[in-house]
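Asks: The whole structure should be built from the sequences, with the hints applied where relevant.
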Amino acid sequence: MIIVNSNNIDFVENETVSGLLKRMKYVFPNVVVKINGRLVKRTDFADTIIPDKSEVSVIHMISGG
Amino acid sequence: MVSGQIPVEEYDTGNTRHKWDVNKLIRAHRVVAEYAYKKGEIQKGFANRTLYINLSNNEIKEKQVTDEMKKLFTGGRGFGLKLLWDSIKPTTRWNSPENELLITTGPLCGTTQYPGSGKSLCLGISPSTDIICDSNVGGFFGPYLKFTGFDAIEIQGKAKHDVVILIDGEKGKVVVETAPLEETNSHLANEQLTYMYAKEDSDKSRQLISVVSAGKAAEHSYWGCMNFSFYDIRRKVCRMKQAGRGGLGTILRDKKIKAIVAKVEKFTGVSNNPADPNKIAEVGTKLHREIRDLDRYQCNMRVVGTSHLVEIMDQYDLLPCENYRFGSFPKASKIYSPKFYELFTKIIPDGCWHGCTMACAKTVDGFEVMTGPYKGQKVTVDGPEYETLGCASNMSLWEPREVLEFNFYCDTYGIDTISAGTAIAYYMEMYEYGILNQKRCDGLELCFGNFEAVMGFLHRMAEGDKGEFITIAAKGIRRVKNWIKEKGWGDQYLIEECGMESKGLEYSEYVTKESLAMQGGYGLTLKGPQHDEAWLIFMDMVNNQIPTFEDKAEALHYFPMWRTWFGLNGLCKLPWNDIEPANNAETKEPAKVPEHVQNYVDYQNAMTGWNVDKNGLILQSERCYNWQRAMNVFMGRGRRKDDWIPYRSMGPVTEVEYMSRKDRYDKQLVEKIGLNQNDVEKMSVSEKIKTLYNWKQDQYQKLADAVYYRRGWTPNGVPTPQKMKKLGFSDKKMLDMLEKVIDEDTKKGLNHWCGKYGKGEKPPSIDPKYWEKW
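Sequence lines, in order, name chains V and F. In terms of my numbering, the first sequence has 598 at position 42, counting the first letter as 1, and numbering is strictly consecutive. In terms of my numbering, the second sequence has 1431 at position 716, counting the first letter as 1, and numbering is strictly consecutive.
The set of hints was computed from the structure by calculation and includes no laboratory data. All clues stand as given, with none of them false.
Computed cross-link-like contacts, PhoX-like style, restricted to lysine-lysine with a CA-CA straight-line distance of at most 20 Å: (1) F:K971 with F:K875; (2) F:K1307 with V:K597; (3) F:K914 with F:K951; (4) F:K1046 with V:K581; (5) V:K590 with F:K1303; (6) V:K581 with F:K1049; (7) F:K971 with F:K873.
Some chain V residues close to chain F (C-beta under 8 Å, calculated; not the full set): (8) S562; (9) V583; (10) P585; (11) M617; (12) I618.
All residues carry an ideal CB built from backbone N, CA and C; glycine is no exception.
Replies: This is the structure in structure tokens:
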């Protein structure tokens, strides 16, 4: 189990940040991702594995309007 | 070059060309008022005077802008509020002679070094809402108005015949003259007047003209928009942007103004005479580079404009489909941005004011019109922007060419696409339920997806069709709700709760059912449900960053104040947060885009010579925001009851909606309301809807409690005199009025918190008259 934006989500082994964003259908490009409070750079999304029991923040910047 | 881009020298729009007999048009003019003024220089962003025109008695005069006015109202929309306050009465309505139409600029308006610096802010008492509506717009008029010598134009009274108002910055002259022969519909009127008033028959001269007009439908509807032209020297077309919301184009035509024309002799990058031009160049260059380097990886605004939002909103269940019943739709990909990318003409820069690297004003050139009076002609369509695309999904129109046709006619007829699209979607839903039918709709078969009926409605509205439905439907959802109820045609709950209007203004195009904060962002507003005050859906619904009422109230304080600031200065909001610096994620509050906030601090100080910090910018907004709310109170509105929103914006009104998201709503009954899972399974859908309805209504009331408290307002939503004094206001008429209203509210028992607070919960304050202890 991992926590994504305060919601419990199933843990998927070897899932990267890019994989999680795809699974969550988070298609918005301007997001800030932190794993257990640690910032993940956008260039590292494809290579960063999310450990089990992680607390993940996927902060969508405000856009539009 | 963008893929597929056409070199400017090889480009021809393919549009139908017109040959106007301009001399004949001019010969029919008769001067009814004329005023010579001394041309002056802009000083640190201000012309330091405004222009007043009364069309009833043909008075034209200048009003000085004082330092006190700048201190309290900053500029732009703030100046508009001040001028309106000095002119209107509580009984003033949209068509009262004393109602004013204001177009304002702002100290940063007209800058060419910082992206997004060409906005005008327009104001007037709205036909839709009977309160002040403000609407921002691009195009060249705002900067040109200032460069002709005025920070704002204020028009009162009504002309007897159709007139054109010319503000001639070359000669230092204002002329009001009859204009009987010019076209009214904007794409033609703007072209005629641009050619007519240009000093020479050259593109350079035409570029120094900007026209404000509204088309034929604005004469028969409450949705009239104002089209602000900007002559596109590459396309050789008078393009236009819209001051869309609140029916300001309706006021323009009610005053019998066919157009307002601003003509400048010349302007340069430093026509605003900034206090520190080097600093402005420095912050501007930084942002230009950011946009150039990063936009392609972020929102792609330079390529597809705001249309990129369609696919995002669809994926997050936020795209309004079939009158906001659903947030996504199987056919939605047919109007995703790549479909319009194929149609957009790829000539950049596409900015609606010089120096805007964001360049999001996209067009489709050579579009062949399919219906109505211009059928078969080829035209330039400005857009579609996201909001217009959201109207299409709401009406279930999924063919890009149909969207373009709707967009073109709304613009040239002078109709706000948002109000028209949202309202037609509501009429379509009522049609589906049999509450409306073909006979009741004057022969229109207004079912979802019927493009012919949509266009038929627009054309008949423009023709001034006197059919009962056409006449009332052109005035918007609020009037139609009342009309249907008077006729006794259907279920009052459906009629009232499905129609997406608040304060009489139609909603813009976002589904808010799962974001309480955004429900407040639409309801707890000054003019009505327009997303320019706050857009909190991601922050609330997706990020879960503002879980408590206090958190949401803080967001509903900060963001409306921050966004208001753009309108005080003549700026576009998009370069603030539709592009973000590369290191924005590493900042403490990335949602606020701190680096850009600091840019704006530096930019305003460098223009005006002031010395404000980021809190000072918020204070500027807070003054104007509270002043506008207080003016709503003055007009007999601005109370809690006026912040009512329809239940369609909170949750599922119908069983179809509930069942379409059954798992989500069942989960809410268990996790949010605390019902037992087994009990939920035994409940009928209608029982579930009712239970959810009661809970969500109470959530909204608790949100209103928290927001009013955060803003320093009474529990009935009225700014207190103490709050106004804290903000620096001492206007006795205003303070006495607020005191009297609050006393009356108290006597009526209206000054109490309205949420139902259970165990472990508490209202914002024990004493509902908390401000008396300040």
